[in-house]
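Undergrad: For the record, the sequence lines run as chains Z and C.
In case it helps, this note's numbering puts the first sequence at residues 36 to 412.
In case it helps, this note's numbering puts the second sequence at residues 248 to 775.
Since the hints were made in silico from the structure, they are not lab data.
Where hints are given, some of them may not hold.
Taking lysine-lysine and the DSBU-like style, the derived pairs with C-alpha atoms no more than 30 Å apart in a straight line are [claimed, not checked]:
hint : chain 1 : residue 1 : chain 2 : residue 2
1    : C       : K595      : C       : K633
2    : Z       : K284      : C       : K689
3    : C       : K633      : Z       : K284
4    : C       : K595      : Z       : K284
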Amino acid sequence: MSEIEAPAEPPVAGRSIAGRWLPALEMTFIYLLSIGGALLISAVLVSITGNSWQTVFGALLDGALLGPGRWGETLAVAAPMLLVALGMVIGVKAGLFNIGQEGQLLMGAMAMAFVGTKLDGPGGLLLIGGLALGMVAGGGYAALAAVMRFRRGVPEVISTLLLVFIAFQVVGFAVTTDWVLRDLDPGRPSRASTSAPLPDDVRLPIVHIFGNEFPVGIIIALILAGIVAFMLNRTLWGFRIRVLGHNPKVAHKIGVGASRMGTRALFLSGGLAGLAGAVMLSGGGSAYRLSPGFSTNIGWQGLLVALLAQSRPLVAIPMALLFASLRTGAGFLAATGVERKIVDVVQGLLVLALLVPPAVQLIRERRRAVASVGEES
Amino acid sequence: MTQSSETAGNLPAVLEAKGMTKRFGSVLACDDVDLILRPGEIHGILGENGAGKSTLMKLLGGLILPDRGSIVIDGKPRRFVEPLDAARLGIGMVHQHYSLVEALTVWENVALGETGALSRERIRERVIAIGERYGLEVDPDAHVRDLSAGLRQRVEIIKSLRREPRIIILDEPTSVLTPEESEQLFEVLGDGVRREGWAVALVSHKLEEVLQATDRITIMRHGRVVEQVLTAEADAPSLARAMVGRPVTLRAGTAAIGSTFEQMLDPGPEASSDGRSPTLEIADATLSAPDGALLLDGLSLEVRPGEIVGVAGVEGNGQTHLSEVLSSLLTLGGGGVMVDGVEIPTGKAGAMASAGVVVIPADRYSSGCVPEMTVAENLLLSSMHKMATRGILRRDEITARALELIDQFDIHVPGPDVPLGQLSGGNQQRVVLARALSFAPKVLVAHQPTRGLDVGAIEYIGERLRAAADGGIGVLLISTDLGEIAALADRIVVIYRGAIIGGMDRSEFDIERLGLLLGGSVGAEGAA
Chain Z
36 MSEIEAPAEP
46 PVAGRSIAGR
56 WLPALEMTFI
66 YLLSIGGALL
76 ISAVLVSITG
86 NSWQTVFGAL
96 LDGALLGPGR
106 WGETLAVAAP
116 MLLVALGMVI
126 GVKAGLFNIG
136 QEGQLLMGAM
146 AMAFVGTKLD
156 GPGGLLLIGG
166 LALGMVAGGG
176 YAALAAVMRF
186 RRGVPEVIST
196 LLLVFIAFQV
206 VGFAVTTDWV
216 LRDLDPGRPS
226 RASTSAPLPD
236 DVRLPIVHIF
246 GNEFPVGIII
256 ALILAGIVAF
266 MLNRTLWGFR
276 IRVLGHNPKV
286 AHKIGVGASR
296 MGTRALFLSG
306 GLAGLAGAVM
316 LSGGGSAYRL
326 SPGFSTNIGW
336 QGLLVALLAQ
346 SRPLVAIPMA
356 LLFASLRTGA
366 GFLAATGVER
376 KIVDVVQGLL
386 VLALLVPPAV
396 QLIRERRRAV
406 ASVGEES
Chain C
248 MTQSSETAGN
258 LPAVLEAKGM
268 TKRFGSVLAC
278 DDVDLILRPG
288 EIHGILGENG
298 AGKSTLMKLL
308 GGLILPDRGS
318 IVIDGKPRRF
328 VEPLDAARLG
338 IGMVHQHYSL
348 VEALTVWENV
358 ALGETGALSR
368 ERIRERVIAI
378 GERYGLEVDP
388 DAHVRDLSAG
398 LRQRVEIIKS
408 LRREPRIIIL
418 DEPTSVLTPE
428 ESEQLFEVLG
438 DGVRREGWAV
448 ALVSHKLEEV
458 LQATDRITIM
468 RHGRVVEQVL
478 TAEADAPSLA
488 RAMVGRPVTL
498 RAGTAAIGST
508 FEQMLDPGPE
518 ASSDGRSPTL
528 EIADATLSAP
538 DGALLLDGLS
548 LEVRPGEIVG
558 VAGVEGNGQT
568 HLSEVLSSLL
578 TLGGGGVMVD
588 GVEIPTGKAG
598 AMASAGVVVI
608 PADRYSSGCV
618 PEMTVAENLL
628 LSSMHKMATR
638 GILRRDEITA
648 RALELIDQFD
658 IHVPGPDVPL
668 GQLSGGNQQR
678 VVLARALSFA
688 PKVLVAHQPT
698 RGLDVGAIEY
708 IGERLRAAAD
718 GGIGVLLIST
728 DLGEIAALAD
738 RIVVIYRGAI
748 IGGMDRSEFD
758 IERLGLLLGG
768 SVGAEGAA
């Protein structure tokens, strides 16, 4: 990636390092070291709470990768997370902090549920239409925040966040109201309010590879990651978005209006979250049924993925995979009798571990500069 | 202030820097620089922007680490790893860009960096005591956001004096001060030097100031020391020559040296633009602030192709609003702007730019450039759409074009892909200028284009503006610097309270009448 981190302060000693490969290798090593450290602390913690760390890590690994059908599951979780993160990245690049992905995702899923269960037509068409409408729904929902931002000056950080809670209520209303989306089948398995399941032909195809259900959603997400990276760095549109994000005045001067471009950016940002919701539902999330708790924090976690990737679309890919692994791995822990809360702690430690390397890098460069002065004098 | 210079030379050095070297990428910012600071002496560091003055000061203050070189304080070699190390040894720094928290009060800002429990009373008393002792009075309970630039600087100085430093480093302290405020600052410094035996390093690119306030001068160019002289033995032309590396002869250059108007007003080429229809026409422009105050009050103005129109005026009479209207950043309440006879909607994103009006703003950070983006991206900001095929950028062409401009405008830069923020101020300004001129505008608006720049850069920019006008561009030069306007403009108009209240051609230049106009008194004649 060729983005440049903002050097607000004067260049710090030792920033310029001749070779490019050595530092990259070094950073990989530091990442491994700090993740290893986090795992070590986690192991100690698990042992202290009276469990065997071998069992816990074994369960995590089984749940995320090794168990039958598990890596397919992990990829299925990673797909919407990555889509949400990409949406966040677009917003940040335009200087807009859309943190309402959880709600936009719900709106996208609701659009998918509507198309799938209420409209008639050929399955393939309904599927594609549902995905598209999901994107529009999520984007439109985020665009509400854009309208408030550019018409009335309401900060989008606040409006997008508050819209999440409204989205929960809207979905709750939809799935409990007969004439909207509620499942009217008297023989439905659970008494909880949900929508009817998507018909078989309005679901993303399932490909079986090595006993895993390979989710098509991850392919969509990966392709979009590539497209977003390309758009931001190699196109005029991305250039304009970045100018807007850094300096709205300069952008205005060169003909990039904040409200037009910003609204588009927020629409796309929310659209990707909406698509994430549609992909989740049509990919088999909560048994193809929409329910109020459908989003299960994927929106929030995707936000975290984008933050840790420092708004670099391609770096978001490994981050999303890591977080998805933790999530699916955690699902297996219950069987070992370990408290789920421990997993939350482990997850927290890993987030910290990912924040450590950039800090270490800075300190090391400074030390190195000091040392080189020492040798000379 | 120079009376101590005879004795000062004999005192032992309090700080001695030897062979200081610092490289940023491929740019050698400081190259084997020696500097000696003695107690009871103000040492001026003079040089162009990008000559390495600020870098040298940051090395002395422990803000950045040298690649090579040593610092000896009181005869002992020292090594700074962080700014606090320098502070502990009695070095106080006053930075070019203030590091104050606007939302906090004066005493809270002074307390920043303290450890342990804070005593509000003790710090307030300290602020007042320092204020009285050095003539730096400032209300300790005032919020910094409410203070003028001069008072803010006082707070900065009090911050550094709190640790009772013996060595005080000031990096371009007067660049944002009014002449009176500068005068006061030099009094404070002179006082401290006499009474407390401070050793002061004063970084500046203003010749007058260095000649007036210092005892000894070190001149830097391209990261090296080119000359060290006693102020008593120096004069402005020789210093300017040493700074730039050649005699400064151009009209544009004389403005910086501060010669008299008579010298500058050689007749100059007669403006060849008479009779041509104006390329830029502002008619009866009005603009109100949200509270109803009139910012532009029926301003009318014409610029013909090939002429430089200088808009003179005391700061705060609507110059910034005029420049922002021409940048499409403000929407007029009444009146209009026409380019080549076509009415251009004001305030519409990109409208002025696509009509061929290009603005070099007074504050390049506010609307002139994007420091986080690369030099190439900044150079091509307004013409990037020409560098794309169906929306996809042609990167090789962008790099090639950027290299061409870097070469053509003599921008010192490690490469086109370096973030603009890493360049020195003068080079950043060259990037802004290069972009403006390479855009082939019809109208070039330059608002304080040389503020904060050094002789060489001022000369260069003046030359470029002249060349642009000779090439048929209409140039509007908005400046509070009369010297600059007198040196460059074919026609001078005066802005006062949001309106043009009078003007004169170069041939009928009358300093007295200009002075009256600046003060708002319209003489016998009406507006231009």
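Undergrad: Now tell me if each hint is right for this structure.
TA: Each hint, compared with the structure:
With a C-alpha separation of about 21 Å, the suggested pairing of K595(C) with K633(C) holds against the 30 Å cut-off. Of the pairs offered as hints, the one joining K284(Z) and K689(C) holds, with about 22 Å between alpha carbons and a cut-off of 30 Å not exceeded. Of the pairs offered as hints, the one joining K633(C) and K284(Z) holds, with about 21 Å between alpha carbons and a cut-off of 30 Å not exceeded. For the suggested pair K595(C) and K284(Z), the alpha carbons sit about 12 Å apart, so the restraint of at most 30 Å is met.
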